[in-house]
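K.L.:
As a plain string of letters, each chain reads:
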Amino acid sequence: MPERFDEPTRSLAEPGLDALPGSLPAPPLDALHARLIERAAANDLLDVAYRRLDTGLGTLLLAATPAGLVSVTFDGDDPDATLERLAATLSPRVLEAPARLDDAARALERLIGGSARSFDGALDLTLAHGFGRQVVERLREIPYGETRSYAQVAQAVGSPKAVRAVGTACRKNPLPIAVPCHRVVRSDGGIGQYAGGVEAKRLLLTIESAA
Amino acid sequence: MTRAPFDSIVAQHGARVWRVCRALLDEPDADDAWSDTFLAALEAYPGLAHDTSIEGWLVTIAHRKAIDVLRRRSGLTIGDVPDRPAPDSTVPGRARDLDLARALAQLPQRQRETVVLHHLGGLPFTEVAAVVGSSADAARRASSDGVRRLRELLGERDA
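Going line by line, the protein sequences match chains A and B.
Going by my numbering, the letters in the first sequence line up with residues 1 to 211, in that order.
Going by my numbering, the letters in the second sequence line up with residues 1 to 159, in that order.
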């Protein structure tokens, strides 16, 4: 994390350290940040905590609200766009707080490693709205190791013609892996799309069929 | 327009805010003031007016939090040099670092605050004046006197 603490830029002309003799010690930014996280959480001000997680599917970005895990994305190596989106849609009080996501991270690792059959922890489905939310609720009912077609899910939500919309809802599932959108495939046997890439989807299905 | 994730504000301004706190306070107290500053900023952040200069806003909070910490330390007279080990002259960089903090602590409070707000906090003198409750000219003079005094205190070593 230290590399993210840039030297402050001199946005205001004239004043600056250069005018002063000597300098001050370097700030202990990592320790300060850790303490800020603790105090923010204790004061109910840690609206969105996030962390990165290296997995066999790539580096994930996990985010949680006090209600539970709220977002899993596959852009842990380049998370700025997702963090901006979370700040805009949930709250700008977004802080990197890895320890607060340790349990969720372990639960996801167990799923990816094939040692758990469902996500063990609280989920916050705030980011799934309307039709997307209906689809996400159905996805949670698909049993481990099984698959459904997009058409079957469309049928299950009572909109049999909305096959394409189901595909979109799966791609926009805010909690992939934890909510098993990877278990939805094409009626013709094709694997279909996946937010984390087709290879990640194939890997998850392979793990489930072997378990 | 939406607000950037708060973490990016900490990353961008955390170092400057700490220098402001450290220049006004001893190190453990500076850490407290830094954390008080960002906690207060975190609370107010979602409602902050969009034309606010984040840097100036944070420096102003930091100054207030530092003064709060000083007031809590009622046993300490403002301007006192707290007990600390003498600078180790065999480590030039470190000795110089400690010396600036030490020298700042020897300035009269008004000089110390104006120097810190302007030179470390980056506030223009009009804003420094508003924060310390003086005219801009008085703030500029106090800062200028403070810098001259710092050079006297440290000058030979850095010349």
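Watch out, some of these pointers could steer you wrong.
Here are a few chain A residues that sit away from chain B, every Cβ distance over 12 Å (derived from the structure) [as the list claims (entries may be wrong)]:
(1) Gly-56
(2) Gly-68
(3) Glu-96
(4) Gly-113
(5) Glu-208
From the structure, some residues in chain A lie toward chain B, with a derived Cβ separation under 10 Å [unchecked claim]:
(6) Gly-22
(7) Tyr-50
(8) Ile-191
DEER-style ranges, computed between Cβ atoms [what the hints assert, rightly or not]:
(9) Pro-28(A) x Gly-155(B): 42 to 50 Å
(10) Gly-47(B) x Pro-66(A): 16 to 24 Å
(11) Asp-51(B) x Val-198(A): 53 to 61 Å
(12) Asp-77(A) x Arg-148(B): 45 to 53 Å
(13) Thr-59(A) x Gly-155(B): 50 to 58 Å
(14) Arg-140(A) x Ala-49(B): 36 to 44 Å
(15) Asp-51(B) x Ala-41(A): 46 to 54 Å
(16) Ala-42(A) x Ala-49(B): 42 to 50 Å
(17) Arg-39(A) x Asp-145(B): 34 to 42 Å
(18) Asp-51(B) x Thr-126(A): 48 to 56 Å
(19) Val-198(A) x Glu-43(B): 42 to 50 Å
(20) Asp-51(B) x Ala-210(A): 55 to 63 Å
It is worth saying that the hints were derived from the structure and are not from the lab.
All residues carry an ideal CB built from backbone N, CA and C; glycine is no exception.
K.L.:
Does each hint fit the structure? Answer for all of them.
P.N.:
Hints and how they fare:
| no. | hint | verdict |
| --- | --- | --- |
| 1 | Gly-56 | holds, 27 Å |
| 2 | Gly-68 | holds, 19 Å |
| 3 | Glu-96 | violated, 5 Å |
| 4 | Gly-113 | holds, 29 Å |
| 5 | Glu-208 | holds, 34 Å |
| 6 | Gly-22 | holds, 3 Å |
| 7 | Tyr-50 | holds, 8 Å |
| 8 | Ile-191 | violated, 34 Å |
| 9 | Pro-28(A) x Gly-155(B): 42 to 50 Å | violated, 29 Å |
| 10 | Gly-47(B) x Pro-66(A): 16 to 24 Å | holds, 20 Å |
| 11 | Asp-51(B) x Val-198(A): 53 to 61 Å | violated, 46 Å |
| 12 | Asp-77(A) x Arg-148(B): 45 to 53 Å | holds, 50 Å |
| 13 | Thr-59(A) x Gly-155(B): 50 to 58 Å | holds, 51 Å |
| 14 | Arg-140(A) x Ala-49(B): 36 to 44 Å | holds, 42 Å |
| 15 | Asp-51(B) x Ala-41(A): 46 to 54 Å | violated, 30 Å |
| 16 | Ala-42(A) x Ala-49(B): 42 to 50 Å | violated, 27 Å |
| 17 | Arg-39(A) x Asp-145(B): 34 to 42 Å | holds, 37 Å |
| 18 | Asp-51(B) x Thr-126(A): 48 to 56 Å | violated, 30 Å |
| 19 | Val-198(A) x Glu-43(B): 42 to 50 Å | holds, 44 Å |
| 20 | Asp-51(B) x Ala-210(A): 55 to 63 Å | holds, 58 Å |
Violated hints, in rising order: 3, 8, 9, 11, 15, 16, 18; the structure is consistent with all others.
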